[in-house]
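Asks: Residue-level listing of the chains:
2 protein chains.
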Amino acid sequence: MRSSNRIEEIRSKAAELFANHGYGAVGVAELGEAVGLGKGALYHHISSKEELLYDISTRYIERLIENGRDIIAKELDPSERIKALSRAMINVVYRHRAEMTVCFREIHSLSGERHQRVSQLHNDYQQLWIDTIAMGVAQKKFRSIERTAIKGIMGMFFYSFLWLKPEGAQNADQVGDVFSDLILHSLVPSND
Amino acid sequence: MRSSNRIEEIRSKAAELFANHGYGAVGVAELGEAVGLGKGALYHHISSKEELLYDISTRYIERLIENGRDIIAKELDPSERIKALSRAMINVVYRHRAEMTVCFREIHSLSGERHQRVSQLHNDYQQLWIDTIAMGVAQKKFRSIERTAIKGIMGMFFYSFLWLKPEGAQNADQVGDVFSDLILHSLVPSND
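These protein sequence lines map, in sequence, to chains X and U.
Take 20 as the starting number for the first sequence in my numbering and just add one per residue.
Take 20 as the starting number for the second sequence in my numbering and just add one per residue.
Mixed in with the good hints, there may be bad ones.
DSS-like, lysine-lysine: derived pairs with alpha carbons at most 30 Å apart [said to hold, decoys possible]:
1) Lys184/X to Lys68/X
2) Lys184/U to Lys68/U
3) Lys32/X to Lys58/X
4) Lys32/U to Lys58/U
5) Lys32/X to Lys68/X
6) Lys160/U to Lys159/X
7) Lys68/U to Lys68/X
8) Lys68/U to Lys58/U
9) Lys32/X to Lys58/U
10) Lys93/U to Lys160/U
11) Lys68/X to Lys32/U
12) Lys160/X to Lys159/U
13) Lys160/X to Lys160/U
14) Lys32/X to Lys184/X
15) Lys184/U to Lys32/U
16) Lys58/X to Lys68/X
17) Lys159/X to Lys93/X
18) Lys58/X to Lys68/U
19) Lys58/U to Lys68/X
20) Lys32/U to Lys68/U
21) Lys159/X to Lys159/U
22) Lys93/U to Lys159/U
Hints are computed from structural coordinates only; laboratory data are not their basis.
From a predicted model like this one, the values you see are computed outputs, not experimental measurements.
Using the sequences and the hints, build the whole thing.
Replies: What follows is the structure in structure tokens.
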């Protein structure tokens, strides 16, 4: 197996174990066993368990940010942007549920610079929403809402890994549309 | 120290350790050390680490449910109910942040019956919101929203432990009001 495939396999298995049992409860030996490698051989592929957590935690949030920037570059209507951002987010949770669970639930397990970097990525992602809402406000299509309300909106998405069931009745786009519908209704300007 | 005080102290310290390091990463020996008890003496007060996690996880969600039922019994206007439910929820997160972090983040660490029971409590709490929104719909004050949207609303609150700072600029009632304002706007019936 090529080394890049091997590291993919290790990351994927680690995400699954961390999501199911918690990062703190999974040892390097257990992880090695799950991918059929001894501790020594495993350390040939990863530098530490925390580095692995960091890789898992940054990867999909970086992808969400990139993807969000693409949406913003292409889509000039703020309501359509919110619909697209919402679908994109739920699609990532559907497709990479273990990784997103780890990304949102285990951030406290990262230390120092790594913790800061993942927090910064969460902020960068949130900024895409802040900018989109600000644009809608500037175009008088949305009412202005507080930063705290935007944190609440992020929570709708960030918490969804806990209950979203990809095998459920609604597909990712449908769930994304329910969320964006709620958000867009909450942004309707008042009549006065 | 009376035994009931001692168990309170153990629960509180355990919640703090679980919130900061993750349930899986905290051993019984470490917990004993934090409260100045040997493993044997600690097991005089608790039956297992998981039982302790269960106690921490059920306590404040049970309190939220009780409190929510009181609000519903007293407050007949659906908008006022939502405001009161929202304030009550954020107040609990402000006052018992470690416990709420553990309750929402470590539910996967509970097994079998305990896991079911805590999931059931989360559902019971959500039901208070479902009933309140249904009442508003019946009174034609709210538009109807999907169950998935209500899950999203729960996420706003359930995720807040991660970023709410009781030492921040807004107090719990203010944050609660920002959230209920967002929710109430999202429930405004359409004109058609």
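Asks: All hints, please: hold or fail.
Replies: Cross-check of the supplied hints:
no.	hint	in the structure
1	Lys184/X to Lys68/X	28 Å, holds
2	Lys184/U to Lys68/U	28 Å, holds
3	Lys32/X to Lys58/X	15 Å, holds
4	Lys32/U to Lys58/U	15 Å, holds
5	Lys32/X to Lys68/X	13 Å, holds
6	Lys160/U to Lys159/X	25 Å, holds
7	Lys68/U to Lys68/X	24 Å, holds
8	Lys68/U to Lys58/U	11 Å, holds
9	Lys32/X to Lys58/U	34 Å, violated
10	Lys93/U to Lys160/U	19 Å, holds
11	Lys68/X to Lys32/U	26 Å, holds
12	Lys160/X to Lys159/U	25 Å, holds
13	Lys160/X to Lys160/U	23 Å, holds
14	Lys32/X to Lys184/X	19 Å, holds
15	Lys184/U to Lys32/U	19 Å, holds
16	Lys58/X to Lys68/X	11 Å, holds
17	Lys159/X to Lys93/X	20 Å, holds
18	Lys58/X to Lys68/U	28 Å, holds
19	Lys58/U to Lys68/X	28 Å, holds
20	Lys32/U to Lys68/U	13 Å, holds
21	Lys159/X to Lys159/U	27 Å, holds
22	Lys93/U to Lys159/U	20 Å, holds
The structure does not agree with numbered hint 9 stated previously, though it agrees with all others.
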